[in-house]
Amino acid sequence: MIRIGIDVGGTNTDAVLMNGTQVMAGVKAATTADVMSGVVRALRAVLGAAGLQAEQVDVVMIGTTHFTNAVVQRRDLAPTAAVRLCLPATASLPPMVDWPEDLRDVIGHHWWLAHGGNEFDGRPISRLDPDELRRIAGEIRERGIRSVAITSVFSPVSTEFEREAGRIMAEALPEAHITLSSDIGRIGLLERENAAIMNACLRDLSREVVAAFRRALTDVGFTGRFYLTQNDGTLMDADFAEKFPVLTFASGPTNSMRGAAFLSGVRDAIVVDIGGTTSDVGSLQKGFPRQATVAVEVGGVRTNFRMPDVFSIGLGGGSLVVDGPDGVTVGPRSVGYRIVDEALVFGGQTLTASDIVVADGGAELGDRAKVAHLSRDLIRRARDRIASMLEDCVERARISAEPLPVIVVGGGSILVEGPIAGLDLIKPDHFAVANAVGAAIAQVSGEVDRVYALAEMTRDDALADAKAQATEAAIAAGALAGSVEIVDVEDVPLAYLPGNATRVRVKAVGDLHAG
Amino acid sequence: MRGDGRYPLTEADLLSLSIGAALLGTGGGGNPYVGMLRSRELLRKGATVEVLPLDALADDAWVGEVGGIGAPVVGVEKIEQGEECYRALRAVEEVSGVRISALICAEIGGANSMEPVITAAQAGLPVLDGDGMGRAFPEVQMTTFFIYGAKPAPAAIADDKGNTVVFRDVLDMYWLERFARDTAVAMGAGAGLAIAPMRGDFVRRAAIPGTMTQALEIGRTILDARAKRQDVVGRIIAATGATLFFTGKVTDIRRELLGGFARGEAQIAGSGEWHGSEARIAIQNENLVLWVDGRPVIMVPDLIINLDLETGEPITTEVLRYGQRLAVIGLPAHELLKTPEAMAVVGPGAFGYPDLVFSPLAGGRVGNGKDVR
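Sequence order for the protein chains is A and B.
First residue of the first sequence? That's 0 in numbering that gives the first Met the number 0, and the numbers climb one at a time after it.
First residue of the second sequence? That's 0 in numbering that gives the first Met the number 0, and the numbers climb one at a time after it.
Isolated chain A (complex conformation) (with noise of 0.2 Å):
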């Protein structure tokens, strides 16, 4: 299978072209305003480079962070109305309640409260009200509102009342969108609640994204399918994409720890990606970040995605090096993209970390004469304290005493050489581009997560059960049957619940199917 994978950052727009396993070629390009331009011209760039024609290539992958932007921004994001299935429960707390004022505007202030939800052991707190939902979707339709969140409590232990309250809603709001909550998150309601209004809030603009992505793609010649990239480091369709834009959250460190663990072989790891300002830390479990288990803020909203557990520390090739009375510091302060003017090495004023790793020998870049002035002394000092920022965020990102190797991707991987904390370094091949490998090898997943009351059955079955809804998930999302593998077990027991309900979550992860 021939495969082309797209990453689209901030400041570049990276792309490579994959034969099976075989990274073919890979390219960086600018990102550009509208996005669709760069991305045609690094389709073009790869393509060439590998010297393919566009009808070769079967599948793209596309990791992108425009929706995380758009939300963080607050741009391009459509008026959205707030439905809870709950009555008389969860009256305390509206929806939206803990989000930041000029989101909460951007979007209008438009919620309700319905009767319906569920119970922890599936019980209705109390019954749907369909007449009453025909008429919250007359008040929708009369505020101009064409997306819907709908959110019902413990919809993730039973999505019924979801589906058909979007069912009513769907019948008298033909034009609308709409989002329900169980298709996105899992228990926690305001967090679940947050996710699906920021999904509904995003349609508009995903269905422009989406579209302009399949005619950037369709104005190369091609002509296959094409996925997006999702925050667990797996795939969804275009049309998937489309209707559920807010799992392309953090698909971008995703990607570069996925491409990383692909590109070195290693499957439990330590991952460094440097780009040009910052460094993301992660750890690899079994090929997959790790996943965070607190809440995760987007735009100032509590979410509680599948998100990956990484953080960034200011070190990358673009920082800022200081010689100051306190020593020698890195960063965090960086001239970024505009390190191709600015560096000493491209023959600009501000001394980088790039620079430093020039005059030291560790790398050809741009012109060495113009850093062949820096003292020994200071060389030496700064690579110091760049090994110590990055052995202190190594030991930060190691989960257990096991000898992990560190894997350093990204442009800024010129920055390290020798082990870090000890640890065996592995630099791969492309490690420019580890994050567009990571979004061309991208699998197809499933997961659930639900509360089964073990005096009805043992925990054995449970799991067996809850692995099965996983596998299917998976495949129906498009993963071929006999790669399926669980990648993710967790069952936490409910404090205080009879019947020992313990609540289950189980993650399966595939390969995309070819055909």
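By construction, these hints were calculated from the structure, which means they are not laboratory data.
Each residue gets a CB set at the ideal place from its N, CA and C atoms; glycine is no exception.
Some hints here could point you the wrong way.
Said to hold, decoys possible - Label-pair restraints from in silico Cβ distances:
1) D101/A <-> E10/B: 48 to 54 Å
2) Q229/B <-> I1/A: 50 to 56 Å
3) E10/B <-> E455/A: 41 to 47 Å
4) N68/A <-> A237/B: 36 to 42 Å
5) A361/B <-> R379/A: 23 to 29 Å
6) D325/A <-> T9/B: 37 to 43 Å
Unchecked claim - Some chain A residues well away from chain B (every beta-carbon gap over 10 Å; in silico):
7) D33
8) V34
9) A90
10) D97
11) E118
12) E170
13) K285
14) G323
15) A368
Fit chain B to the known structure of chain A by using the hints.
Same frame as chain A, now just chain B:
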């Protein structure tokens, strides 16, 4: 502040209170985030709440005690209708025939720190600066009020739907725990419980004084240290007088369900000063016992508090996981929890460690140290 030392809670106080309460939760007690938002909504709509020192309480004043009862994980999904505790309180007033003039917290640690604040805002009552645990414990009977003789009835429990159940005659606090627990589960594992009104002179004797203010101050310290990018753990220790007992990384976490509670054990490999040492923490919703290199060094009722080594964030037992870097600090429980009567209810033996001999911590304190009586 008025002459008797009462002060109003501001919106900013609520966040501080919830953070400090999470710390005093010693790993359990549930997350106070939802309660913080609920009380904030009430304040934004114009309600006010005053914190009243225990010594401003008249002998013959009646004090109500309210709290949420159920499973913490249900609390983050089926958020309260809002008036569960308020309805339970009114039912108890009605059945007992007394007018309640102030509210007190059963449990300052975790989510139940906010519940009396919310009910106080709704009822227009002050909330007392104190509580019945000075930390979090898993069961209803484990309060200084019950340990020192508060009557278990009449009590009432109310749900989100409008059901209110009154327990008119209850033999003792263990029966109340049992009835209330089963009723709460029938109500969807989230309900509001109010216990029998207590007289002011009794509450002044039996309550742990100053814990509302202490939680508030701990929260303020954490927020301030974070804003100034200071060492949060160090600031917490300086502010509370707590002792640092271990730093390290979680290497194993085992959980199981026993008797309706999340029991388990965490293993921690030492770092920094404790490099080469091993620690172990026993858990029943809250942290029960800390062993370092096989030796028990902190045990209930003293407080074992896990903080994220970097951010100082209190780590609850349900999010404790492999690889987390922790600072484990210890804070002595209030004297009221260390008498023979109290040890029978909240000592190591009451939690299934009959062989552990309680050796109290020194350094720091829960409460304000004011012995009112």
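Structure-inconsistent hints, enumerated in ascending order: Going through the list in order, the structure violates hints 1, 5, 9, 10 and 11 and respects the others.
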